[in-house]
Every structure is written in structure tokens, then in C-alpha cells.
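Q: The whole structure should be built from the sequences, with the hints applied where relevant.
Number of protein chains: 2
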Amino acid sequence: VSSIGQSLAAIVGASNVFEGAGIEERYRVDIMAKYVSTPGFVVRPGSTEEVAAVVKLAAQANLSITPLGGRTGVVGGGTAKDGAIVLSLERMNKVLEVDAASMTMTVEAGATLQATHESAEANGLFMPLDLGARGSATIGGNIATNAGGNRVLRWGMMRDMVLGLEAVLANGSVVSSLTKALKDNAGYNWKHLFIGSEGTLGVITRAVLRLRPLPVSSQTALVAMSSFETATALLRKMEAALGGRLSSFELMWSDFYDFSSEAQLAKRARPLPCGHALYALMESLGSEVAHDADLFAQTLEQAMSEGLASDVVIAQSDRERDNLWAVRDDLTEVLRPLRPLIAYDVSMALGDMPRFREETRAQILERFPQATTLYYGHAGDGNLHLVVGAGTGKDQTTEVDRMVYRVVEKYRGSVSGEHGIGKGKREYIGLTRSAQELALMQAIKTALDPHNLMNPGKVLP
Amino acid sequence: VSSIGQSLAAIVGASNVFEGAGIEERYRVDIMAKYVSTPGFVVRPGSTEEVAAVVKLAAQANLSITPLGGRTGVVGGGTAKDGAIVLSLERMNKVLEVDAASMTMTVEAGATLQATHESAEANGLFMPLDLGARGSATIGGNIATNAGGNRVLRWGMMRDMVLGLEAVLANGSVVSSLTKALKDNAGYNWKHLFIGSEGTLGVITRAVLRLRPLPVSSQTALVAMSSFETATALLRKMEAALGGRLSSFELMWSDFYDFSSEAQLAKRARPLPCGHALYALMESLGSEVAHDADLFAQTLEQAMSEGLASDVVIAQSDRERDNLWAVRDDLTEVLRPLRPLIAYDVSMALGDMPRFREETRAQILERFPQATTLYYGHAGDGNLHLVVGAGTGKDQTTEVDRMVYRVVEKYRGSVSGEHGIGKGKREYIGLTRSAQELALMQAIKTALDPHNLMNPGKVLP
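Chains A and B, in that order, give the protein sequences. 1 is the number of the first residue of the first sequence in my numbering; add one for each residue after it. 1 is the number of the first residue of the second sequence in my numbering; add one for each residue after it.
Because the hints were derived from the structure by calculation, they are not lab data. Errors might be hidden in some of the hints.
[Stated by the list, open to error] Derived contacts from chain A toward chain B, CB cut-off under 8 Å, selection only:
(1) Ser173
(2) Glu239
(3) Val415
Positions of the beta carbon are idealized from the N, C-alpha and C atoms, including for glycine.
A: Here it is, written out as C-alpha cells:
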């Protein structure tokens, strides 16, 4: 054990420090096996004070720190520098309090998203953020990456659920504002700077989350549409008619829908026939079981009669609902044949999506005629996913990246609507962020972390 | 005309520069006649480029800049240093675009809040932020102060409506991200740093706002309650039962309600009798005219039968609605007898409000037995207003401030939930922001504005 290892052990206990060859694979290789490194130390603090002590020690030893949550990121944000420190929040995993009167929850950064769901529901409350990795993803990671998911349309991103925040800065100081109030206009809102900063400004240790009343009614439908214009009009119609109840509007172009439902045929029947231009999976969450179901069905019926919807299936049971969602979400097996696949999470104005799709698709297929391109996304919030696979090898990733991001640049969108920049998109951030914006971000980074000790090599170019 | 005046005129035109004695009173004295200064220049640029040129010139001349919006701030945030530059956004007052498909609006900073309401409604859309000063308050000022108002419970503060932002930094560079997408996770979200920074980090020039579907149904009720616990329970019941439609829950303690309704008796009958402990004014906005009205009435009826509400009046017409709101909002004449009054906009966890009220009230009345204290607030979002008047003179402001803010500190609330810090609360920000938080804010300020040229003497102590 090195002297640094001993000093770390003195802070967090010997059983919570791993060093060199004693470091397990999960701290060295990311979940997609895409980003690999050889950290010098893994340390698992049990409290904010221990985090602060580790950060101070790291600064003295001139070792950088990479905070690690539930290992569900896809852009290499949790990959440490060789020889540096991985700071895992896995032991700080408690839901500390649910305050039903204030409708808030206080949590440690290492609590899983699912743990917050369960604690909220046990108190008749609701934590709206949801995503497939809920069982492993941690609140600290969700905050550090400003996680999105399928309900951003109604409740916003992780950013919109964080009332209070505590973080340890690069100099070891603890900034803490664990407020339960929705409103605080006393000075700069530093909280929002840390949300989405991917561990490069400090280590998030605790948070106060805003909860909502637990919805009692839930409706889910899959709808086929004849054009992007009808899809947009249907989205606006549903939002207006449901008076705030619409919580998801997941758009799937026919390429995605046909491919995904085809791949799942052994498991489940296709919920709607192929042949339509677009499909939308929509969810409404409300407070009145019978009335909400009637309103949802009537609105969709009206949409059919107005030509906004070409075909509709409404889930009549939890099983049917899960089957509808599976076409959109149960993608691991579906996408396997396309490996090595290239995935995007760009965002842009809703109205620019069709041209973005046409232009990227034409360029990719001209260069790689055998490629498969699948387009889908959250639509309601401007976030579009694109998967490119088969016919493009791993070596072509950079070429496809450039094609796709150039078109995003043209439409003044963002190279990341959801997953963040991490290591993987650093070279492209300048396509959709101006030199002035990047200079501003760098000035903030330098002011808060002058020696570049917090998760170096991420986010900024 | 000085040489600086000439240089300013070369940028914005001679008719848009005022100097020395030629400066009108509205640029020297704030709307409450509380903050007075003698600026050297007033300049009214017509474009972002002109703002940038003015900022660069000011930096060369070592003159500070105070951006000025609609002059509706109450904490002196728009008061320039003597001899320095007031940069008024009044000429940049256009709504540049309403994009109905993306449900966004692009505006110049000097557009009034009311202009955004009208442009949105003309397109069948809704800008949810609302406050009494809507006719003069500008979007730039609303962003710079992160304005709140009566609908934060449902749609959040100004921060939650800003998708894209453009600002001119102290070094004259223009940072611009006028995106229409809800999601952008590419790098630090600098936008949120400028929102609520009160002109101390740069000049906000343009913004893209998120709009919502225009609600078609509206219900308003005034409800009397027997205790704070029943008020909290009623809030939670209404939120849950209305499934997201509850847009306001304005709480009034009996001291406020009795005083306000008494003062308005010449104009309108008291909507509910005095004698109850608390009153709440609530608003629900939805999409179904008949059903929403039934649900609202039935839920309140049920609340009565459960003892959560002691008495209820539901507005049956626009006139009745306006009369109910007047008790809460039409305060200019009501509060006149209390001048010189002292007003607070603190925030805290909902559950701490009763003890905050008891403790501050006891302290104030012990020291100033003739004083009137009125408590009211947005409640749903943790924001509490307190007005203290009569029996406390202007000279006692500091003494009352200290009493009130010490109790806010005890309950770990905020000295400002809504109005900001400006000049008026600088000495108190340290009571509810830690030394570490203030050091972090100062580091950000220094990084972005090393020569302290942007609205100096505001926000930070």
C-alpha cells in the first residue's frame, strides 16, 4: 500500500480504498466497454466530510478525481485519468428524509433513482424523473449529467427537480444549500452550474428533490401518423386538450418502428401495422381514473376524425401498456445486430427535425449504402435519437459523427440533448457552442478548479 | 457634451445618449423613491451589437454599467453608481418571433411582460409568468431578477421559461444560445448563472421563451381555514385532486386578510367574513370548461366536509374573480396608511412558516407595540411576504430587518425568495448563504467581470 493509499484509508477506512492491481474491472471499464483506463486509486467515502478530506488530499498529491455514480453514463464521463482517483459515491446511498408537508426528499448522491421512486411512493408522492437505468443510475449521476428520460415534456429534466444541493469544490470547501423552498433569489444560482457539469466542477454529495402528488390515473396509446406535420399538430392538440396531463410523447419514424417491432415479433405482436410515416407513444398521468380515460380516448378519436391520427391503439391493461412501451424502450436485443452501432442524442427546434433527418439520412446512405439508420426521440422536448449501424464499421464512427454533427450545427441544435459531453463528444462541442460560450465555460472552470483536478479531460475541448 | 458622450453617441445616435443634467429623473430615482443616484450617462442601444460596443467603450473609460429594464424592481438593482452609465434596454422592446410549432417566442430584453402575454395569446399560446407590474416590467428584467409571481407553483419562475439566452459580458463578448430546444446538455449551463444575477455578470439582450397551450377554463376560489395544518393539507389535496391544474395557492393570514378587506370595504364587500385563521386564494387553469368547474367545486365541497376548509366562495364571473384577487393584489391604497412600511419576501420550507410568523411577530410587537404586521405569501412555493408598518419609523428599518432575517437564518430559509438582493439586502445575504457559497459566487463574479464594471455594488456583500 502506497503512502497515498494509507492516507486515503485513514479517511475512509482501509476496506474502502482499492489501489493498483486491486482495483476491480467495474472501476476501470465503462458499462459499454468503450472507455477504459487504469486509475491509481478507488476510494469510497461515507460522508460529505470524507469526500472533502479526500479532495483536499488529492489536491495536495496533485492527483485528479473522477466522481463515479451508477456507471450508466454512455459518454465516458466516469472514466478516470490513468493513475488518478476514482471517487465512488456507492456508500452514500441513503434517502435521508421524505418531508411530505414540503413535498421534498433529501438524499445522498449515491442513492439510486429507483430508491427515490420507492421512497416517494411509500409516502404517496411521486419522483417524476424516469429512465431505463433507474435501478443503477444514482441521483448524483442524474444531477451531474442533468438526466432527461421520457417525462421531460411535463416535469422537465433532473435540473427541474433539484431544490437544494451540496457539493465539494476542488479546494475542498463544501458548498451546501439544502433548501426545501422552491424560491431562492439570494445571489447567483450556483446549483444550476453544477447540474450538468459532469463532475468537472466538484463532487455532488447531497440534494433536496422536489416531489409531486402521485398520479392515480395513467393512459398509454400508440398512434400512427401520416406526416411530421400531423405529428406536430397532434402533439399540440394533446397538450392543449389534456390540460397539462400529457407526460410523454415519444416519436418514432417508420424506420425505427418497423425495425424494432420486427425484431420483437417472437415476443409480442406488432401493436400497429407498418406502413405509416410516423408513430407516437404517448402517456397521460392524472388524478381522475374514469374521466381521464374518457378524455384521452375521446381526444384521440377526434384526432382520427380530423386526420391527425391514422391509427390508434390504447392500452387496456398494464400488460398492454408494457408491450407498447417495449417497442420504444426494450432495445438491447433489438439493436444487437447493428453493432458496432453509433448512437446520437442531438436536440433542435421541433420544426427542424424532418430536414435534419432527411439530410443526415441521405449523406449517411450515400457514403454507406448498406447502413441502417433509425430515428426516434422525445420530440415534445426537441431531443432526437439516431442510431446508425451495420454497413458502418467502428472505424467510420468519426466520419459519421462529423456528418451528423455538421447538420446539427446547421440547424443550431445541440450535439447533446441528454447524455452529456463526457470524453466522447469533446471534439464536437464547438460545433454547437460558440467560441464565446466555450471561453465563458473555461473561465468558470478555471475559477473553480484552477489546477484542473476535478474530472479532467471531460466536457471542455 | 463630453468626449465619452460623443463616443456613446457615435454608437447609438445622439438622441439616445443623455448626460449629466440632461438625465431625466426616472434614470436617477427608483420607482419607490428609495434609491437615488447621479449617473453620468444614460445610453439606449438599439441592438445587441450596440450594447457590446457600449460595454467595450465603458471598459476603456473605466466606467461601470447598470442595465435598466422597466424600473419595477424594489431592491435598488437598477441604481447606477454616481457618474457611471445607465444602459436602458427600452428601445430593444420587440417580440421578434412566435414559433407556434415549437411553442417558443424570441424577444428582445426590453419587451414588456405584457407584450409577451399578448403576442402569445394572439397565437393561441400562453406565457405563464405573471405579476402586477406586467405593463412595465421587461423580460430582460424578469430574467435578470428571476421573477416569480402567482403561478410559480405550476409553471415555475422566469428561469423555467427561458430556453435560449443572449448576453453581453463585461469584456464586450456576446454569448448567444438562442435555442428553441428544451434539452441541451452540451457543457455548463451558463444561462442559469445569468438568470437572477441582477445585471452583475452581463447585459441580457435577447431570449427564447417557452410557451404553453392557452388554458380555456379558469376557476378561482377564496377559502377560509382554521389552522396552518389544514391549509397545508388543503394545498396537497387540491394539487392531487386537480392533477396538475392548480396554478395558484396564495395564503393570507388573518392579519393580512382582515386589514386588506377592511381597507377595500368602500370598493367591494368582504368576500368571506373575518374571524378565520387563514385564507387561501386559489386558481385552477385547465382545458375542459364544464368538467374543470365541476371538479374544482366538488373538491372544495369535499374539503369542507373533511374540515380542511371552513368556508368557501367560488367566483362565478370575471368580475367576481377580479374582486377575489383584489384582496390579495390591489395593495397600493391598502398599504398606504402603513408607510413608511418595510416589506419582506423571504422563503423557507412550508412547514416552518407558522413558527417563523410567531417568532418574528412576537419580537416585532415586543419592540414596537404599535406596529402592524401582515403576513401573506405564495405558500405553495415556500415564499412568504411580511409587511411591517406604522409604529416603526424609517429609522427602525435596520432593526426590524435584523429581527426578521435572524429568524429566516434560524430556519435556513432565504432572505429573498423573489425580489432579489440588489443594493437593499447585500448586508443580509450572508445570513442565509454560507461563507463558502459567497466565496463561490465571488469567484464567478471575478472570473467574468474582473474589473467589477457590471452593476457594481449589487448582490454580493
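Q: If a hint holds in the structure, say so; if it doesn't, say that too.
A: Hints versus structure:
1. Ser173: holds (5 Å)
2. Glu239: holds (5 Å)
3. Val415: Nearest chain B Cβ about 5 Å off; hint holds.
Going down the numbered hints, you'll see the structure goes against none, and every one checks out.
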